[in-house]
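Using the sequences and the hints given, assemble the complete structure.
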Amino acid sequence: MSRFLRNQGWVAGLFALLIFLFVVTKLIQPGYGSGDFGSLARAVLPYAFAVAAQTVVVIAGGIDLSVAAMMALTSVTAASMMDGASEEYALFVVPFVLAMGLVLGALNGVLIVVTRVPDIVVTLAMLFVLQGAALLVLGAPGGAAAEWLKASVIGTVPIPGLPDWADAWVPKALVLLVVCLCIVWIPLRRSRLGLSIYAIGSNELAAFRSGVPVARTRIVAYALSGLFAAMGGLSLTISTGIGAPIPGPYLLASVAAVVLGGVALGGGKGGLLGPIIAVFVLRLVRTDLTLLAIDPNVTAIIEGAIMVAVVMFGAFITIRGRPVGATS
Amino acid sequence: AGKYTIGISNTVQGNGWREEMICAMKAQALASGEVAKLNIAHRNTDAAGQLEDIRNLISAKVDAIVVNPADPAGIKAGLEEATKAGIVVVAVDQAVTEPSAYIISNNQEQYAYLGAKWLFQQMGGKGEVLYMRGAAGASADSDRDKGFKKALAEFPDVKVAQEVFTGWQQDQAKQQILSFLATGTPINGIWTSGIDNVIVDALVEQQAPMVPVVGADNAGFVGQLSSVKGLVGAAVTNPGSIGGAGVTLALQILDGKKPAQQTVLVEPQLWENATDEGKAKLKSVVDPSLSPEWPVSISIPDWTTYTKEQIVACKGPGE
Amino acid sequence: MTDTATMPQLVSFGRRLRRFMADRPLIPLIILLIILVAILQVLRPGIVNERWLANTAKFAIPLAILAGCQTMTMLTGGIDLSVGTVATMSAFIMATQIVNQDPTVAFLLAMMPAVLIGLVNGIGVGVFRVHPLIMTLGTSLIGTGFLQVYQRTVIASGARIPDFLNWLGTGVTYGFPNALLLFVPVAVLIVFMLNRTGFGRLLYAVGDNERAARLSGVRYWQVITALYVLSSLLAGITGLLYIGLIKAPSLSLAEPLVLPSVAAAVIGGTSIFGGRGGYTGTIIGALILTVLTTLLTILQMPEGGRRILFGLIVLFVTAAYLRIVEDR
Amino acid sequence: MTTNPLPQSPLLDATGVTKNYGAVAALRTASLSVLPGEVHALMGANGAGKSTLVKILTGAIKADAGRILIRGQQLDIRSPADARRAGLLPVYQEPALIPDLDVLSNLRLTGTPVEPFRAWVRELGIPDLDIRETARHIPLAILRVLDLARALAVEPDVLLLDEMTAALPANLAEKVLEVVRRQGDAGRSVIFISHRFVEISALCDRATVLRDGATVGVVDIEPGVEERIVEMMLGTRIEKTRVTARAANDLAVADGGRPRLSVRNLQLGTKLNDVSFDLANGEVAGVFALEGQGQDELFAALAGSIRPTGGTIDVDGAPVKFSHPSDAIQAGIAYVPGDRAEALAMQRSVRENIALPFSAALRKWGPIRMRREQMVVSSAIARLQIDTRAQGEVQRLSGGNQQKVTIARWIAAGARTILCFDPTRGIDVGTKQEIYKLLRELASQNKSVLFYTSEMEEVQRVCDRVIVIFGGRVVDTFPVEEADEAALMRAAYGLPRGAKADVGILAEVKPGSSAEAAS
Ligand SMILES: Nc1ncnc2c1ncn2[C@@H]1O[C@H](COP(=O)(O)OP(=O)(O)OP(=O)(O)O)[C@@H](O)[C@H]1O
Ligand SMILES: Nc1ncnc2c1ncn2[C@@H]1O[C@H](COP(=O)(O)OP(=O)(O)OP(=O)(O)O)[C@@H](O)[C@H]1O
Ligand SMILES: [Mg+2]
Ligand SMILES: [Mg+2]
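Protein chains in written order, with the working numbering: chain A, 1 to 328; chain W, 1 to 319; chain P, 1 to 328; chain U, 1 to 519.
Calculated directly from the structure, the hints in this document are not laboratory data. Be aware that a few hints might be false.
No farther apart than 16 Å at their CA atoms in a straight line, the calculated lysine to aspartate or glutamate pairs in the EDC-like style are these [claimed, not checked]:
(1) W:Lys-126 x W:Glu-81
(2) A:Lys-150 x W:Glu-81
(3) A:Lys-172 x A:Asp-36
(4) W:Lys-149 x W:Glu-128
(5) A:Lys-26 x A:Asp-83
(6) A:Lys-150 x W:Glu-80
(7) U:Lys-364 x U:Asp-387
(8) W:Lys-61 x A:Glu-87
(9) W:Lys-3 x W:Asp-63
(10) W:Lys-117 x W:Glu-81
(11) W:Lys-315 x A:Asp-295
(12) U:Lys-175 x U:Asp-157
(13) W:Lys-117 x W:Asp-145
(14) W:Lys-84 x A:Asp-36
(15) A:Lys-150 x A:Glu-204
(16) W:Lys-37 x A:Asp-295
(17) W:Lys-117 x W:Glu-128
(18) A:Lys-172 x A:Glu-147
Restraint ranges, calculated between C-beta atoms of paired labels, are given here [as the list claims (entries may be wrong)]:
(19) W:Val-232 x P:Met-301: 50 to 56 Å
(20) P:Phe-176 x W:Val-232: 31 to 37 Å
(21) U:Pro-367 x A:Ser-191: 51 to 57 Å
Think of the CB as a built atom: it goes at the ideal place given N, C-alpha and C, for glycine as much as any other residue.
Here is the structure:
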């Protein structure tokens, strides 16, 4: 039990915070219902993929500053390919764009491994490269998305055996998110490759000496990051129906959520669940601030303060909870 | 005292023009006496983030939403949902593709066309122009580009010496103009997308030959047009007070007074200092008490009813 | 490597040269800088003149000071993302307070938020052990919020750039920018501090092995708090210099400098993991970035291509530098 | 031990192995040849290149030159993974388990079968390992054993053990030796690195001796060969003298002077229980204990790293409360941890590492007097004879020289009391002698030393007095004359002098405390 708390306590605490926020939301706006929850799920979608992309590399001991730019590039690519094309063509566009994310992500990894330049610089350089490429694909926001894709995040999923009122709380966007993340993450987490990703983040030298192919694992981690970023880019195109070459605010948000979600920035620790819950928390805070009609200039202060306070609180309980005899 | 709750969504924070727009919205809401509460979502984000804000405003059950769109097409779905929920939607500053929305907008294409045409005339219809655009990939920037290109087509002897993107950032623009001046390339005119006063500063500091400069009606630049020796230039109005007009339009619709068309365009004006009447006009509008980034056209006749004190106080109902 | 056998003298000369450069990492950096300047001169003959040099220095100086903040914090394994906000705040407060206040009072008011944010950063990182990235990101959000609120109270009072700052920011004396009067002492001080003072030693030690530092009697929180306050103060002063240069107070004045300041420090050879690096490299890094910006401004190509080129050059420069310096 | 009289072809044969680190030649023409079924010792002073050779053989680093044959074949071994496929399995000097993964995941990562691993772990003397425990939370000694068990579980042809026993308490070390010997009997080869001659003579068939990166000889292990090996290792003959301890009646405690350090009823959770003892000026007091009996906590508490939950500490007769190591340092008490990685800023220079305490206090943050610092540092370096060829970065020094730097720091800072936690772990005989001498020298300058060691012999050779701890309690305190092996061992297992070998005393010890220590 104590080990569960040590390993999963943070995630459990975040989840409790999320529930608490839902209660607060309901108190602020008694009419808050399933439709609003669906809106939340849709708002979460691009952030969640950005955070997933960041989480994988952070666990592997790196950081990816090109997440948002990658999303912009994949988004404009998808949007411009689908512009004026048939609905069926989108069936080809989606895997193409995902593959593109995978390859570009792997390119990040290859550059880090080959040039031996620190990841922060490589991904910063790639941020500019990808942004530039996005501008070459689409000079201004535009393009289109297939109708069936747009529909894939609107509405709810009827689950057989569930009453209608419960179905209403299962928005398609949420299901899409869970499916996309699980398809990649669950088999990975259990595999030797997944362990290798944790291993190189935890202690690269020890990993190498344990026979982990460090370079290959790092490339795979960045490739997965690219894949998740491409999912994020697609989700942007799907929800807005266009592609925009200027990256949205997903980079810093992803780093913040990763840390809030209990993934150590040094690598090796944490999982995907925590950061995803953290995204929900951050989005719901945003909703509450809007519902409360807080002065918009104050919302920045509140969002910053919450971020700092939660992480400080986390640090505080780890200091307090340290067993006697441990030295800091 | 008012009865309506109005939601506002804006996606650029910390830029003088947008801040003035928000203040105009607040002032107009207060001056109208019809608004009980403003619900403002004002942050730096993209179209997807604006969709989130719009949906949150729908959850908050506002009566009308005034939105400065991050992208004309990108927030269609959210606006449609708002209309379905019985909410009046007004887009300001830029158009939106959602047909149910009302639009009151500055005409960005015309903005660029007007300024560029004046500039090319000043240049005598020929020569090299430095084209300092806004942010690459922004829709307002590409609209303005259309206007600029239209004017350019009318003056076949005018050439673009250099095209740069300032990102609508003062420091970037200044570094770019200084770099450009250092190349020694002769130019005959400068068109800017509203990052203007740093350009004039740079010309003065470097003692470069003064060439005609086109900018926006920002307080700083308008001041320079009347005070900097040898500067010939024009300010094209791009009122941030369009936000106040948006609130007025929303209230009219809520009160059952629907406008004749869905779209109302506010046509820009051009204030130049090459002629005497132009100078007189500039004298009348110059306002050194305003922050240099704020457009001086703080009100729009027929559309806004607040006083200067009200917009400068930047307080909405209930504050 | 392949012709080792055939050309022994040549290779040994090459190796000696590399060893020489590896011992003096500044030299290859300077060479890279000179190459960039040469390319510029080739593309636009005559551009490299006295005036251009002065302008380049003017823009490189604020960047170099902020990069100094990054260098110092990176030595301890941290980062300071709040420098942009701090600089903007002091600049904005100075420009608006000078209208009604005595210059000294205005100056003190302008530096107040810098000290405050630095203190909060330092306590958060040093005492509560919040990750510096999150901490400084959070305080920068909070600072921006306060600035927005403040801005509303001074819209009516207008703004003015004090003549002294104007002189310092834009003035040139005998071909030398006046900003050097500020920069040279600051740079000398930072270099001296890092190499010849106890505090500098502690920055390296704490960044290398915090536990070892602790066992040697170092109180981590003291070092970190002092560090972040110092970093913020420097950022505040940079803000004043920058407003003298740009002469247009805006709410995002110095934000665009944040990522480049990190890049300048990293290009200059400071490790983001702590314990390794120095300030002289950072200064060259800042110059390289500034020259690169000029280079791209005068290139006739689409904006997308420009960004791609920027990213590639940053990557190439860093990789080349590492290749040369790492003689292992 | 080798039963086969026929000349065998070597299982592993390395010749002319060379490795340069910049200007430092870690290895030059080293060779090593290991026969099947042999336990082969690799010996050499600190920095001789033993670890480097092991790393090269197992593909962890690349040699500049050299030929490595495995079963007569030249295989291309570029990574530990390749070495593993070729049947070579190392246990490096530093633990190789991934700190953030639990033991089971660590096994999965390396494709190690779990059941054999468990069996080996039990065999190696850890009966109750929780395989779900995260490696980070496992004590160093246990980690080393797990490393070994993990290697054994895949039944390697050649097992390479780099100072496997250095960090182990006696009980665990014994088990390891037993297991290793049986490997030899089972026809597998072992390359065994250790600085302890007892282990070498008990275990090994032959020894290859390295000096300054070159192989200087291969000898059969037979009685009396130690002298020759030492000679080869050091190039000169060194005397293995007993460093003279002071007679007990010289000690300040005896003549009624105030003790330097006086610990009373120290309590720390379940780890320390009612610990009381004195440390006199001019005394070297040994602390002897099996692994995990609370000695780590005792030292940490005295060093100000953790706060005790009860009891008092007096320094020079005045009560003190340490809330940070700097408080202890202020009181003149310095702590040298057993793990050098804990004490050194690895990327910084030797000089900066030694001078680190000078800058620690707030009032010392100002400009450094470089000339004076240089003098103090170089005199400390000279005094400890630190090999500073690679002084730009401490991480490039060999383990032994790194250890010297951690001690030099406190000599330079003039600490009056030094708490040395196993300072000779993994240090060659020559250096050990130097350290012993140094400790005695400090004592003769009226400084005091508290000295924990896992080697019984050391206690007898350096200390004036021995304090034996078991289960978080002081079991007994001996003057060194009475600290013979039998008495020490009995005490270490919780039986003080005069006690019958019944369970009476053991019963007093909290049940579970020894199990806790092992987990
Ligand atoms: N990464 C490195 N860079 C530079 N020099 C190194 C590096 N690693 C080892 N050396 C040098 O190589 C030599 C041999 O070191 P090695 O670690 O093999 O010694 P060792 O025989 O294992 O010593 P010990 O018994 O102290 O562990 C030493 O002089 C050391 O300073
Ligand atoms: N910066 C330094 N460089 C070299 N040696 C130093 C330095 N600081 C202290 N020492 C040495 O460390 C020892 C003890 O230092 P400590 O700080 O206790 O002395 P102190 O009495 O405070 O000295 P001071 O009066 O010079 O500050 C002295 O032998 C001193 O020579
Ligand atoms: Mg070794
Ligand atoms: Mg050793």
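Status of the hints after comparison with the structure:
Between the alpha carbons of Lys-126 (chain W) and Glu-81 (chain W) the distance comes to roughly 51 Å, so the proposed pair goes past 16 Å and is violated. For the proposed pair Lys-150 (chain A) and Glu-81 (chain W), the alpha carbon gap of about 14 Å is at most 16 Å, so the pair holds. Proposed proximity of Lys-172 (chain A) and Asp-36 (chain A) is supported: the alpha carbons are some 13 Å apart, at most 16 Å. At most 16 Å may separate the alpha-carbon atoms for a hinted pair to count; Lys-149 (chain W) and Glu-128 (chain W) meet this at roughly 14 Å.
Between Lys-26 (chain A) and Asp-83 (chain A) the alpha-carbon distance is near 40 Å, which puts this suggested pair outside the 16 Å criterion. Taken as a hint, the Lys-150 (chain A) and Glu-80 (chain W) pair is honoured in the structure, with Cα atoms around 14 Å apart against an allowance of 16 Å. Simply put, Lys-364 (chain U) and Asp-387 (chain U) have alpha-carbon atoms about 29 Å apart, too far for the 16 Å limit, and the pair is violated. Distance hint between Lys-61 (chain W) and Glu-87 (chain A) is unfulfilled; the C-alpha atoms sit about 35 Å from each other, more than 16 Å.
Taking the CA atoms of Lys-3 (chain W) and Asp-63 (chain W), the gap is near 9 Å; set against the 16 Å cutoff, the hint holds. Straight-line distance between C-alpha atoms of Lys-117 (chain W) and Glu-81 (chain W) comes to about 41 Å, which puts the hinted pair past the 16 Å bound. Between the alpha carbons of Lys-315 (chain W) and Asp-295 (chain A) the distance comes to roughly 10 Å, so the proposed pair stays at or under 16 Å and holds. Taking the CA atoms of Lys-175 (chain U) and Asp-157 (chain U), the gap is near 20 Å; set against the 16 Å cutoff, the hint is violated.
The hinted pair formed by Lys-117 (chain W) and Asp-145 (chain W) meets the criterion: a straight-line CA distance of about 13 Å does not exceed 16 Å. Between Lys-84 (chain W) and Asp-36 (chain A), the direct Cα distance comes to roughly 14 Å. Compliance with the 16 Å bound is thereby established for this hinted pair. Annotation: proposed proximity of Lys-150 (chain A) to Glu-204 (chain A) is violated, straight-line Cα distance about 43 Å (limit 16 Å). This hinted pair checks out: Lys-37 (chain W) and Asp-295 (chain A) have alpha carbons roughly 11 Å apart, not beyond 16 Å.
A distance of roughly 14 Å separates the Cα atoms of Lys-117 (chain W) and Glu-128 (chain W); the hinted pair therefore holds under the 16 Å criterion. A distance of roughly 15 Å separates the Cα atoms of Lys-172 (chain A) and Glu-147 (chain A); the hinted pair therefore holds under the 16 Å criterion. In this structure the supplied range 50 to 56 Å is violated for Val-232 (chain W) paired with Met-301 (chain P), their Cβ-Cβ distance being about 31 Å. At about 33 Å, the CB distance of Phe-176 (chain P) to Val-232 (chain W) agrees with the hint of 31 to 37 Å.
The supplied range of 51 to 57 Å is met by Pro-367 (chain U) and Ser-191 (chain A), whose beta-carbon atoms lie about 56 Å from each other.
The structure fails hints 1, 5, 7, 8, 10, 12, 15 and 19 (numbered hints given earlier, in ascending order).
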